[in-house]
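Chain by chain, the residues:
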Amino acid sequence: MAEFLSFREGEAGQEPAVTVEAFTGQSNATAVRIEPGEEPRELLPYLDRLSVVEVNFPAYGDGRGYSAARILREAGYSGELRAVGDVLVDQIVAMRRCGFDSFRPNKPLDDAAVERALNRYSDVYQKAIDGRAPVWAKRHPEKING
Amino acid sequence: MKILTGNDLVTGDVIWWAGDGWSRQVQDCVDVGDRGEELVRTEEAGLRVVGAYVIDATVGDDGIRPAHIKDRIRALGPTVRPDLTLKPHDADAGNWVI
Amino acid sequence: MYRYDSYDQSIVDARVEEFRDQVQRRLTGQLTEDQFKPLRLMNGLYLQLHAYMLRVAIPYGTLSGRQMRKLGEIARKYDRGYGHFTTRQNLQYNWIKLGDAPDILAELATVEMHAIQTSGNCIRNISSDQYAGVAADEVTDPRPWAELLRQWSSFHPEFTYLPRKFKIAVVASEDDRAAMRLHDIGLKLVVRDGAIGAEVYAGGGMGRTPMVAPLIRDFVAEDEIVSYLEACLRVYNRHGRRDNKYKARIKILVHEIGVDEYRRQVEEEFAHMRTLGLNPPVEELDRIRAFFAPPAYEAGLSKEIDRSDPGFALWVDRQVAAHKAPGYAIVNISLKPLTGIPGDASAEQIELVADLAERYSLDELRVTHAQNLVLPHVKIADLPAIWQALDEAGLAEANLDLITDIIACPGLDYCALANARSIPLAQKIAQRFAAAERQAELGELKLKISGCINACGHHHAGHIGILGVDRKGVENFQLLLGGSGAEDASLGQITGPGFSEDGVVDAIEKVTDIYLAQRSEGERFLDTYRRIGMKPFKEAIYG
Numbered sequence: 001m002a003e004f005l006s007f008r009e010g011e012a013g014q015e016p017a018v019t020v021e022a023f024t025g026q027s028n029a030t031a032v033r034i035e036p037g038e039e040p041r042e043l044l045p046y047l048d049r050l051s052v053v054e055v056n057f058p059a060y061g062d063g064r065g066y067s068a069a070r071i072l073r074e075a076g077y078s079g080e081l082r083a084v085g086d087v088l089v090d091q092i093v094a095m096r097r098c099g100f101d102s103f104r105p106n107k108p109l110d111d112a113a114v115e116r117a118l119n120r121y122s123d124v125y126q127k128a129i130d131g132r133a134p135v136w137a138k139r140h141p142e143k144i145n146g
Numbered sequence: 001m002k003i004l005t006g007n008d009l010v011t012g013d014v015i016w017w018a019g020d021g022w023s024r025q026v027q028d029c030v031d032v033g034d035r036g037e038e039l040v041r042t043e044e045a046g047l048r049v050v051g052a053y054v055i056d057a058t059v060g061d062d063g064i065r066p067a068h069i070k071d072r073i074r075a076l077g078p079t080v081r082p083d084l085t086l087k088p089h090d091a092d093a094g095n096w097v098i
Numbered sequence: 001m002y003r004y005d006s007y008d009q010s011i012v013d014a015r016v017e018e019f020r021d022q023v024q025r026r027l028t029g030q031l032t033e034d035q036f037k038p039l040r041l042m043n044g045l046y047l048q049l050h051a052y053m054l055r056v057a058i059p060y061g062t063l064s065g066r067q068m069r070k071l072g073e074i075a076r077k078y079d080r081g082y083g084h085f086t087t088r089q090n091l092q093y094n095w096i097k098l099g100d101a102p103d104i105l106a107e108l109a110t111v112e113m114h115a116i117q118t119s120g121n122c123i124r125n126i127s128s129d130q131y132a133g134v135a136a137d138e139v140t141d142p143r144p145w146a147e148l149l150r151q152w153s154s155f156h157p158e159f160t161y162l163p164r165k166f167k168i169a170v171v172a173s174e175d176d177r178a179a180m181r182l183h184d185i186g187l188k189l190v191v192r193d194g195a196i197g198a199e200v201y202a203g204g205g206m207g208r209t210p211m212v213a214p215l216i217r218d219f220v221a222e223d224e225i226v227s228y229l230e231a232c233l234r235v236y237n238r239h240g241r242r243d244n245k246y247k248a249r250i251k252i253l254v255h256e257i258g259v260d261e262y263r264r265q266v267e268e269e270f271a272h273m274r275t276l277g278l279n280p281p282v283e284e285l286d287r288i289r290a291f292f293a294p295p296a297y298e299a300g301l302s303k304e305i306d307r308s309d310p311g312f313a314l315w316v317d318r319q320v321a322a323h324k325a326p327g328y329a330i331v332n333i334s335l336k337p338l339t340g341i342p343g344d345a346s347a348e349q350i351e352l353v354a355d356l357a358e359r360y361s362l363d364e365l366r367v368t369h370a371q372n373l374v375l376p377h378v379k380i381a382d383l384p385a386i387w388q389a390l391d392e393a394g395l396a397e398a399n400l401d402l403i404t405d406i407i408a409c410p411g412l413d414y415c416a417l418a419n420a421r422s423i424p425l426a427q428k429i430a431q432r433f434a435a436a437e438r439q440a441e442l443g444e445l446k447l448k449i450s451g452c453i454n455a456c457g458h459h460h461a462g463h464i465g466i467l468g469v470d471r472k473g474v475e476n477f478q479l480l481l482g483g484s485g486a487e488d489a490s491l492g493q494i495t496g497p498g499f500s501e502d503g504v505v506d507a508i509e510k511v512t513d514i515y516l517a518q519r520s521e522g523e524r525f526l527d528t529y530r531r532i533g534m535k536p537f538k539e540a541i542y543g
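Protein chains in written order, with our numbering: chain A, 1 to 146; chain B, 1 to 98; chain C, 1 to 543.
Chain A extracted, bound-state conformation:
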């Protein structure tokens, strides 16, 4: 069982994450935690200072964290992007596609179940931030569209 899951090379960030408010108010912190209602773009001026961004999912049905993650990756954030809270194995794939590369769920995840989930879909319909070629790109390999 995994209480912490990482898809990054090297060690996961250990520093405790501070709130967005604390972070933007002149902190030396390199780890920040975003709550669902907060504005991820407030972090855009500081992306090169950040090594860990935690995105909280108080309930897995609150999907705001998926947008927050994608927004950060679209802006060029390349540090650890960690989903924390109510995260089931059923959300791992969508979270990976939105740019999350580490997970600290409330309840440990079954490693075999995670493996099954990651390998279940060989194809995806949309272009997201994970670099996977969507089906439409495979159907038209000679086209690259902007």
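Please note that the accuracy of each hint is not assured.
As the list claims (entries may be wrong) - Just the calculated beta-carbon pair ranges, DEER-fashion:
| id | chain 1 | residue 1 | chain 2 | residue 2 | range |
| --- | --- | --- | --- | --- | --- |
| 1 | C | A416 | A | R132 | 34 to 40 angstroms |
| 2 | A | F4 | B | G63 | 56 to 62 angstroms |
| 3 | C | E283 | A | S78 | 29 to 35 angstroms |
It should be emphasised that the hints constitute simulated quantities derived from the structure, not laboratory data. Where a beta carbon is used, it is the ideal one built from N, C-alpha and C, also for glycine.
Dock chains B and C against chain A, hints included.
Relative to chain A, chains B and C alone:
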């Protein structure tokens, strides 16, 4: 009286707490008194029921009668398809619902 | 119509296995019901009054004979011999066992069908015009767009946990046959300077607070529609309310921040998202369009109709619509027999319609949001044989858009959310107005019944609408007048205090009497209502 009802987790059948287990017949109901919430917890945790809840019912000449029309429909079946209810051969069954 | 390639098939097959795994985890207690419920809803599985209910997707209401036949087979094998066609062009089975659900989805996958995202807080089945591809007034067939967007919206990683459900409709004509303005997002395809694109409407819907969607963008080109919709959905996902389930639809967001502000936020996000390479190339839409190319219609066919049988003549006049190819016609099949259940079809009827589609309609049929069926490519010469077959199966009611062509949700007979039964009321109304001459005299009169405020019966969009409520444990019915789901979209107005079941039938009769007394030449009920207003109707009803 207070009775307990829900659906069978696997089949989805409407079921009623009969004291020693679940029955498909509302007439098998027992009064759960104030033990309803506890029964909901243990029976749901035991995977024997889903969506269980406590309701009011009266006892009369025609037996146990759930207080709300919705639960009477659950007890019998759709009023517009008597053939699909628990009493397909009872022409008056629909009247009991209303 | 669209056919899966190996990619589409592998995705649907994977989804079946994912759900099988989820059901297993539920049955062994690894998932609680609270954890499992959103997952099963995203596979169309509800827990309703009597059993589990499965809602099968019929993408933009189009299917083949083979697919229809499978729906009949599933009704027999796993359900109780019938299905219910819904106001979003889907099919519902009412008596499903959780244990069977994965096998049912596996069987659906063998005919390129699924129940993906037919419930849950995600993007739902994309609906369209039931006459798509055969209507003379469309600028282009809207279904390729609907298919492109079906794929785009399936398992979208960012938009799987929205504040609430999200419904999209696509139309391509001035006549709106899909109630597009009453959707969370509605697209109307238009041609501007020789290019095809969409007018985009956002923030429509029914339910507790019905609203007609305002226009948010005048034109989005077909090669940018995906990135534009991503922007619309992202703004909604981030800012739609999550504190109150009844205020969580996008219509509330658009209303609360104002359409100009919503549009501004979308444009800002769109400026960013259109640079991310999210749009499929035009070649992908062209690839899909090829599946919807007009069939090879025969030429030189007879247009003669032998009207000597009065029953057949009546049916032709009412149920058969003009087709853009000479010698062809569009057949509307009524699922509203006067003593039946609106939208229900037995396995036998489903199989018959499958046969008719294969034999007479180039293997294609449609489901309408009025809970009826359509055979879109019928030769005029075949009409008598089709009518005969339909008549024998109880499917030849000639009541399209008449007062007995009632849209009714399943209501309290089936649905855990309902406050009142809608089907018995529909039957009483149909009985009261059964006489063919009376129906003809009343003409076009769209009557819609919802058993609760969730408005699955679209009562706000009824010329006459009825809402079932619970008044101290007793079923009660509110009457509304003047709604429309067409291009002249409007919301019905309530007449006043509610009625008993018999009371509302009487009230409707008084309403139709006023219409007949007051109408001008050529006016439908809706037109008369709009001209004379609520007052005369209210006086007649309440005295």
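These are the hints, each one checked on the structure:
no. : hint                                   : result
1   : C:A416 with A:R132: 34 to 40 angstroms : holds, 39 angstroms
2   : A:F4 with B:G63: 56 to 62 angstroms    : holds, 57 angstroms
3   : C:E283 with A:S78: 29 to 35 angstroms  : holds, 32 angstroms
Checked against the numbered hints above, the structure breaks none of them.
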